[in-house]
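Chemist: Sequence:
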Amino acid sequence: MGIISIVISLFIVVGYSQANFVSNSLANGINKKKVLEEGYDVVTWCTTSILEQEKCEKLVKAAMLDKGLFGKDYIELQCKRAFDTEECMSWVDQGKASLLGLDAGEVYVAGRYHSLIPIMQELYGRGEPYQYSVAVVKKGGLPAVQPGVGLHALRGARACFPGVGSLAGWVMPIHVLMQDGGLKIKDCNNHVKSAVEFFGESCAPNSLKDIYNPIGDNSDQLCKLCAGGRGVRCTLADPYAGYEGALRCLVANGTGDIAFVRDTTIQHALLSHKILGGVSEDQFELICRDGSRRPVTQWENCHWGKVPADAIVTSSAASIEQRRKFQNLIQKLVQLYGEPNPSNKKYNGTNGYQTHDQFSSSTAQPRYPFDAYNRNRYDPDRYEENDEGVSTQAPFQARFDSSGRPIELPFKLFTSNDTTDLLLQDATINFRILKEEEQTAKNILNNPYVGDQAEKAVLGIRVCPVARAVLCVTSDAELDKCVKMRVSVNKYYFLIKFGYSVV
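Those letters in the sequence shown? Residues -19 to -1, 1 to 484, by mature numbering (1 follows the signal peptide of the UniProt record, and there is no 0).
In case anyone wonders, no lab produced these hints; they're calculated from the structure. Yeah, the Cβ is synthetic: ideal placement off N, Cα and C, and Gly gets one too. Hints may contain errors.
Derived SDA-like pairs: lysine to any residue, alpha-carbon spacing no greater than 20 Å straight-line [stated by the list, open to error]: (1) K205 <-> D238; (2) K120 <-> G272; (3) K120 <-> R107; (4) K393 <-> Q378; (5) K39 <-> F392; (6) K119 <-> D238; (7) K53 <-> A63.
Simulated DEER-style distance windows between Cβ atoms [unchecked claim]: (8) C463 <-> Q264: 54 to 60 Å; (9) E57 <-> S300: 33 to 39 Å; (10) V470 <-> D399: 29 to 35 Å; (11) D263 <-> S96: 43 to 49 Å; (12) G432 <-> E459: 54 to 60 Å; (13) R305 <-> I388: 35 to 41 Å; (14) P323 <-> I192: 45 to 51 Å; (15) G121 <-> G258: 16 to 22 Å; (16) E459 <-> K61: 44 to 50 Å; (17) V464 <-> G432: 23 to 29 Å; (18) P124 <-> E57: 55 to 61 Å; (19) K39 <-> F381: 21 to 27 Å; (20) E38 <-> C169: 41 to 47 Å.
Given these sequences and hints, build the entire structure.
Modeler: Take a look at the structure:
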């Protein structure tokens, strides 16, 4: 009996051990999730505000529900919120995110400091990959600015900027004022200091950030009108940051005298009558480069320069295959959710403004031939090019039920509800798909659609008028160091002059 008991006990122990091993193995197999690789299994879109994060998460849910409509182009989407675009640029550079929408001026910064590249560029209006830099004032404001006097009379004005580095809202105005308004270069390495000398108390978010305040001695004069609290004031999280924020700064009582924005800001933040507390466009006017004034709807004839459209960027480390996957994914998003915003301007061959009625007709011929409201079937893999070589994509397709009635979309990519331009510009109707050789900041800033004025402005505000400087040294060691510094500076100048990225 003893031997039998021992044998039975051994069988029980062995059986229990085997069952426990199998149970643990199954549990580990169930609990162990596949690690998703950024840029391959999952694509993370970097956001910079609570509202933008919320919109991104709605997009993720809609895409998951419509997964079957994406076909082979589906990639799982995620959203990750950063403090500002600078942090987003770092995350994309580090592989913590894959996609980010940027102002064209920020595309330059992203390429120069973070090795990011543009892969798609927004199209507006009739399909233009550009917009206009405009200066908005309250009706009758800044009366000293008149034709004949010009922009010199802006000296001392309280200005509202979207942020230092934004192309239409900072770079173009500062460059124009350097050329036509008497704005003198105060510091060769710091255009913020030059602006401080010209303007009165203003709001220019990021004017104290390290990248624009290299030795930490910038005045806070360009932060005086900003409205944020501690830790937020004068950053890109400030209530007056961004293009819509610059208009809010102007509208607020006793704040700014002039706001530098873009025409699409006027369309969606002012003319929509939904964003700025119902203020009327009749209360504002544009200041032109010659000092004259025009109604806010006449930006095509009263602007401070044509600027490239915003772009979607990714890391330059992404393979060509990855970039194409990102482009295909965004194509699908536009096809499924890219219904044009009703606040977009409808062009009818005049300078007048009309909101979009997508079921009405227009006699204007589109500058870039595609039907923004095409409801016909299309080949989703087909890239379209117009006669000027602009590569576009198959446009948004409305959805209809069995009786032919439109189906309400679960998500609208180009609508931001109570604000503007979350993730992408609300004015976007389509995208220009950038070929591999076009995926550079230089190509965004200098191309046949905008010429070279944007690139000249970006480089021009950094030009130093001092042609030559002589340093006096007192030893062989100092002379050797001075020679090395001269070689380094000349090399840097050469790279910048010929459009190379300098990190």
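Chemist: Could you work out which of the previously given hints the structure breaks and list their numbers from low to high?
Modeler: As far as the earlier hints go, 3, 7, 9, 10, 12, 13, 14, 17 are violated by this structure, in ascending order.
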